[in-house]
Amino acid sequence: MCRIHGSFGGEPIAPHVLHTVGEAQRHGGPDARTLRTGDGWALGNNRLAVQGIAHGQQPYVLGDLTCVFNGEIYNHRQLRAELAAQGHEFQGDCDGDVLLPLYERYGDAFVRRLEGMFALAIVDLRDEPCLKLFSDHAGMKSLYYYVSADGRRLCFASELQALARFPDFPDAIDPSAVDRYFGGRAIWGPGTVYTGVRTLPPGSALRFDGNRLSVEQRQLDALVLDGSTSVGDLLDRTLRHELARMLDADVPVCVITSGGLDSSYLTALAAATVPEPHSFTIAYRGDWPGDERHFAREVAAHCGTRHHEVVLDPADFPDLIDRFVRHLDQPNNAPHGLSTFALFEAVHDAGFKVAVTGDGADELFGGYARFVKAARDDGANWHRAYQDTMAAAGTATLARLYTPEYLAQLRTTGGHFGDACGDEIQRRVRGGRHGKLETLLRYDQTERFPSYILRRVDHLGMAHAVEARIPFLQPSVMRLAHAVPPALKVVGETVKAPVAEAARRRLPRSILDRPKQPFTLPVTAMIKPGEALYDLIGDTLLGPRTRCGAYIRRDTVRELFRMQTERPDAHAAEVLWSLLILETWFATRNLRP
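Be aware that the sequence shown starts at 6, since it is given in my numbering, and climbs by one per residue.
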C-alpha cells in the first residue's frame, strides 16, 4: 500500500515541486519516498511497506516501462509462479513485482488478471510514449488527475491535497459542488469539488500521450451459478479463500468488529484462519443511543479475539473534527467518518498496518431497507423518493436552505443534482435487463459507493498509515453477488439473505437476529445544549466568519439550529452536521467559495 503521484508531458516539473507533492501525502506512505524522472515525465511513490518489505522499492522498471503502484495484489504468488515459468526472474516477495511483466505480456488487459485493489501508473516509452493510469474494478483506491490548460501535461496523485501542490493546479471550485454534496452526501465522481479535476472511475484505464486523453471502463466477467451449491455455502467458501489471502502479510493484521452482521462474520472467519486475531471497535463516553459495544464484545468473546475497545470522549470532538476533515479530500457528510478516523488512529497506535473491514456487503447483497422499499414502490415518483434517501437534504429542504441567487444559478445549469440522479435511476431501471432491485444495487456500486464510502475508508485509513482490506469487494465475491438472483438476496423481510445464511453456522443467534443498525455517530442526540458538538456547530455556522454565505441562507440555518435546540430531530441534525463538515472543509483549506 502506498501513495503515488506524477506527471507526463509539457515542461518538466521542478524537483522541489515533486518533493512537495510527495511530502503532502507522506502520512499514507511513511516508510520510503522515491522518485524517477525522465524526458517530460515523473513518477513518485510514498511507500507503506506491507508485503515483501526488504524489496519492492518503487518505481518498478522493466526496460522502457516504469510503474508506481498503490494497493495490494492478493494473487501475486500465483502470478509470480506463472511468470517465473515463462522465464521472468524475481527478487523478494513484493506483490507489485508482477505488474510490469504482466503488462509487457498482456498489454492493458493485464489488469483483468489482478485480484486485489489498486491504483497504478505506467509510463510506456515504447513506440508512442504515453502515460497510463489504471483503477481496480470497485474503485477502492483513489486517483485524481487534471490536464494543464494548454492540454500538454497531465498530473495525478492519490490525494487531492497532494495534487494541489502542482503549480498549475486548477483550483476553481465547481459552483455545483455544494448542491452535489447535499444531493449525494459526498461529491460523486468522476467530477470533483474542483471544476478542472477528475477522479479515475472504478475499473478504468486512462491513456495520455501529451496530446490525446482517453478513458475506458471495463466490466467484471460474468459468473453463472450451476445451482448445485447453496449461495450461502458459495459465499462462505469464497470469503474464506479471500480472507486467508488478506491475512497473509508481512506486518500485523487486525479486524474491525462493529457488532453488526458483516464485520462479525468476517471476525469469525478470521478467527477460524489465524490464532487469536485482534479485533477493534469504537464507542463513545457516556450513554448514547445505538451503542453497539456490547455486541462487539459478544462477538469477540465468541470468536476468541484479543479485543480492543476504543472509547471517544465527545468533549474532544472539536479538535478531532478539524483533524478528520483535513484528511477528507472532498466534503463527505457521513457522521461515522469521524469514528472511522479515530478508530484507524487507534489501530495504528496499537502497532497494526492492516485492518480488515466489512464494507460492501450491503451494496452487493441488498442490505439497506431503501433498496427494498424502492424496488417494491410502484408509484410514479418512486425514483425521487429513493434519491432523497441518498441525500443529506431533499429538494424541498434545499429550496429553503439555498440562497435565491444559488437556486437561480442551479436552474441555469440543469437543476438540482438529486433530481437529475433520480431521473437517471429511473432511466436505468426502465432500460435495464437486471430487474429493479439489481439495477439499484449496481447503480449504487458504481456511482454512490466509491465516492461516499470507499474514498472515506481509503483516505481516513491512510491518514494513519493503515491499509483497509475489504473482502466483500474482491472480484470473486462481486461476480458471485452479480450472479445471485435478486429473489435470493432479499427473501421476504430478510435483507442480505446470502450473508445471513453464510454466517449462520459461525455466529450466535443474538448477532444474527438483531435488528440492522448502521455504524454511525449519534449526532441527533449529541447536538444538544451542553454538548461540545452543539457549541461547535453554533459557533461555526452562526459565527461571523462563515464561508458558505454565497450558497446557504443564514436565516434558515438559524431556524434549523433553533429547531434542533428545542426538539432534536434526525433531519435537522443531519443538515446541521453536513453544514459543519462543509464549512470546516473550506476553512481547513483557507477557501471561500
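Please keep in mind that the hints were generated in silico from the structure rather than gathered at the bench.
All of these numbers come straight from a predicted model, not from anything done at the bench.
Quick reminder that beta carbons are idealized off the backbone N, C-alpha and C, glycines included.
Any given hint might turn out to be false.
Distance ranges between label pairs, derived from CB positions [as the list claims (entries may be wrong)]:
| # | residue 1 | residue 2 | range |
| --- | --- | --- | --- |
| 1 | 535 | 19 | 31 to 37 Å |
| 2 | 496 | 118 | 44 to 50 Å |
| 3 | 573 | 118 | 49 to 55 Å |
| 4 | 306 | 66 | 49 to 55 Å |
| 5 | 575 | 535 | 17 to 23 Å |
| 6 | 490 | 573 | 38 to 44 Å |
| 7 | 66 | 214 | 19 to 25 Å |
| 8 | 214 | 419 | 29 to 35 Å |
| 9 | 378 | 439 | 14 to 20 Å |
| 10 | 277 | 401 | 21 to 27 Å |
Below 25 Å or equal to it, Euclidean Cα-Cα: the simulated SDA-like pairs (lysine to any residue) are [stated by the list, open to error]:
| # | residue 1 | residue 2 |
| --- | --- | --- |
| 11 | 441 | 373 |
| 12 | 441 | 483 |
| 13 | 533 | 497 |
| 14 | 521 | 502 |
| 15 | 533 | 498 |
| 16 | 533 | 373 |
| 17 | 521 | 316 |
| 18 | 137 | 232 |
| 19 | 137 | 120 |
| 20 | 441 | 497 |
| 21 | 521 | 312 |
| 22 | 533 | 399 |
| 23 | 137 | 181 |
| 24 | 441 | 514 |
| 25 | 378 | 226 |
| 26 | 378 | 340 |
| 27 | 521 | 543 |
| 28 | 521 | 452 |
| 29 | 521 | 341 |
| 30 | 533 | 592 |
| 31 | 137 | 66 |
| 32 | 533 | 518 |
| 33 | 137 | 68 |
| 34 | 521 | 387 |
| 35 | 137 | 180 |
| 36 | 533 | 298 |
| 37 | 441 | 226 |
| 38 | 137 | 215 |
| 39 | 521 | 323 |
| 40 | 521 | 487 |
A quick look at each hint next to the structure:
no., hint, result
1, 535 <-> 19: 31 to 37 Å, "violated (53 Å)"
2, 496 <-> 118: 44 to 50 Å, "violated (35 Å)"
3, 573 <-> 118: 49 to 55 Å, "holds (52 Å)"
4, 306 <-> 66: 49 to 55 Å, "holds (50 Å)"
5, 575 <-> 535: 17 to 23 Å, "holds (19 Å)"
6, 490 <-> 573: 38 to 44 Å, "holds (42 Å)"
7, 66 <-> 214: 19 to 25 Å, "holds (20 Å)"
8, 214 <-> 419: 29 to 35 Å, "holds (33 Å)"
9, 378 <-> 439: 14 to 20 Å, "holds (18 Å)"
10, 277 <-> 401: 21 to 27 Å, "violated (50 Å)"
11, 441 <-> 373, "holds (15 Å)"
12, 441 <-> 483, "holds (18 Å)"
13, 533 <-> 497, "violated (39 Å)"
14, 521 <-> 502, "holds (13 Å)"
15, 533 <-> 498, "violated (35 Å)"
16, 533 <-> 373, "violated (28 Å)"
17, 521 <-> 316, "holds (22 Å)"
18, 137 <-> 232, "violated (40 Å)"
19, 137 <-> 120, "holds (19 Å)"
20, 441 <-> 497, "holds (16 Å)"
21, 521 <-> 312, "holds (22 Å)"
22, 533 <-> 399, "holds (23 Å)"
23, 137 <-> 181, "violated (29 Å)"
24, 441 <-> 514, "violated (31 Å)"
25, 378 <-> 226, "violated (29 Å)"
26, 378 <-> 340, "holds (24 Å)"
27, 521 <-> 543, "violated (32 Å)"
28, 521 <-> 452, "holds (24 Å)"
29, 521 <-> 341, "holds (16 Å)"
30, 533 <-> 592, "holds (24 Å)"
31, 137 <-> 66, "holds (15 Å)"
32, 533 <-> 518, "violated (33 Å)"
33, 137 <-> 68, "holds (16 Å)"
34, 521 <-> 387, "holds (23 Å)"
35, 137 <-> 180, "violated (30 Å)"
36, 533 <-> 298, "holds (23 Å)"
37, 441 <-> 226, "holds (21 Å)"
38, 137 <-> 215, "holds (11 Å)"
39, 521 <-> 323, "violated (30 Å)"
40, 521 <-> 487, "holds (23 Å)"
Hints 1, 2, 10, 13, 15, 16, 18, 23, 24, 25, 27, 32, 35, 39, counting from the list given before, are not met by this structure.
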